[in-house]
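One-letter residues, chain by chain:
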Amino acid sequence: MTVGNLSTPLDIAVMITYFVVVVGFGLYFGRYSSTTKDFFFGGQRFAWWVIAFSAIATTVGSYSFVKYSAAGFSYGISSTQSYLNDWFWVPILLLVWLPIIYYQRIKSIPEYFERRFGRPARMAAMVFILLYLVGYVGINLLTLGTALQSILGWPVFFGASVACLTVTLYVFAGGQTSVIMTDLVQGITLLIVGLAVFLIGVAHLGGFARFWALLPEGHRYLFSAFNAPDKFSFIGIYAQDGLANTGAFVLMNQGMVMRFLALRSVHDARRMSVVWLLVLAPLAAITVSGGGWIARALMENGELDVEAKHAFVQAAAFLCRPGIFGFVLAALMAALMSTADTLINAVSAVFVNDIYRPYVRENAPDRHYLRVARITSLSTAAFGLALVPLFSNQSIYSAHGMFTAAVTPPIVMAILLGVLWPRYTPAAAMATLVGGGILVAVSLFPPFDAWLLPPFSFGMGPDSYKFTRALYGLVVSGVLGVVVTFFTRPLPLTAIAGLVSGTQLDAMRKFKGGEVNRRPGRIMYGHVMTDPAIENDDLIGIPAAWLPDMAAETGDLVYVCDRRWWFGGLRSVHGKVGPPSADDTLRLSPGAMARGHFKDGEAVYIEKAF
Amino acid sequence: MEWARAWPIVCQFGVGSVLCAIGLAAGARGGYFDLKLKADRRLLGIVAVGFIGLLILSCLFTFWLPQLPAGNTP
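These protein sequences, in sequence, are chains A and B. Throughout the first sequence, residue numbering follows the working numbering, covering 27 to 636 in sequence. Throughout the second sequence, residue numbering follows the working numbering, covering 8 to 81 in sequence.
Pairs of lysine to aspartate or glutamate residues, derived as DMTMM-like cross-links and limited to a Cα-Cα distance of at most 25 Å, are as follows:
| no. | chain 1 | residue 1 | chain 2 | residue 2 |
| --- | --- | --- | --- | --- |
| 1 | A | K335 | A | D267 |
| 2 | B | K43 | A | E579 |
| 3 | A | K536 | B | D47 |
| 4 | A | K536 | B | D41 |
Since the hints were made in silico from the structure, they are not lab data.
Required output: the full structure, derived from the provided sequences and hints.
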């Protein structure tokens, strides 16, 4: 059964309208992108809630609705376990990794490797990350093509091409700014639609008690059994998702790192992470799995006969009226597009920052790099499209699983050891990346898999290997790194200050260009005016009477933002406390006013950046 | 009650507590994570609340709710 059999022309019209609205939205916000900082990091100006919702759209990947609804149908609420094991990474993310990359102004993961370990490590990390990202672009476009085939009957490659063109259009126009704003819409859309399908299903069945009673008992556990079944055991899911994939998502996923760097401050990153992981991720788990649970309950109730892989779409089609089902199709498209746009922008950032700028043309004007970034976005999309026929040869799920398992553990372990352990050496990082990568790659092929993986498979058989390979990869990569570290000479701490734990304050000092003032201060509200006498765009004239309340001193970093919250930080600017203003308005140079998209007299607030 | 069902909780929250401890210790080393600051105390509280909340949720959906309704029939 295809979605095409289930949808009406009205549904298709709703979905196409959604497509057009999202693209229009992305193109509109393209006007906020005039520098590479805007194109890659959204001008580093966004509020926490914008990034939290957009991150959810990225988290809910192209395959999520199909994969997790199928798991929910087959195994019950344990399908959510992948979304509930991220919280434990929060301290490492917020207290170690984020302050380092944010305050060191690190533009890409390979750049961190060069600054921490030297150029060879950067090259190795770049190869891994580009393979990871470009492979993901191909997989996403294949999924998009497959979805459009089942909805509209188009050939897969044609559907992938149309979707690719659509996404590339707004990524080309606005880069990260357009990606964030479209993903904000897409994140809200897919959460609302997914939760609505679940709640409509529960209401149809007669309430939560009836829904719960209809699920088989084995479907009501939050975790699957520790080491059974082979294809969905707790330990397999935990090793792959809870350790390797979540580690990769917060540490090495260039798209997510760029999303963090688009936040206006590290303080906002804290708020965003809490809401993202503690509120939105559990909601997203219900969103992507709920259709499968409802399909199972409907089947147990004798109302629907359904296959696991079609659980979400068939349950939604059964429950929704024509037109409303169109929004379900739109949510599927939202999940697909919001991942693809992030990946394309991320590849562009890695290419420009790690290949073009250091090796092809250094010290060019920013507008030149912006042009290269846009061309790279187009090229990445085209290359990803070329991969679609290759990825068509295997199932989406296994291709994704194998690829992820092969490339992520070595790089996650190298970053983890690199930030947590100052003694970890450049040679050890290379051993982790290259040696770990080779050992994981070897384990992908028989008979090596049967030799290497059983000790990590907790008594399970070969069907568990694609999950437990992640644990094997983390262990062998980590052991290689630790052993080589003890036989090689570490870098002096002065050489890696600001790049390892224990030196985050050094990174803050470097970011500010002076001693850090962490005294808590108040947010102040006022109006902004252009002051042509201020020649330095980074300086902001603040009424002298405000400084004690703000606990700010001359030279402190501050953030000025439009008071209308719904702009989400789009109209804002960073600067330093400059000479005091003569009246009770904030004074900005003409350049800063343009950068912040302010007009004279606009109501704004100002706060210390940290 | 299947006590073998407790192993995933032990594993997830055991490894999770190690990850949290590593992050907090690495944040505190060098003074970046400073409990004298209100924002950092609040963050520590949120991390703890999140951890305990997820633990309670996991226990509820492992030891109690799966057995409801008794008899396992609609």
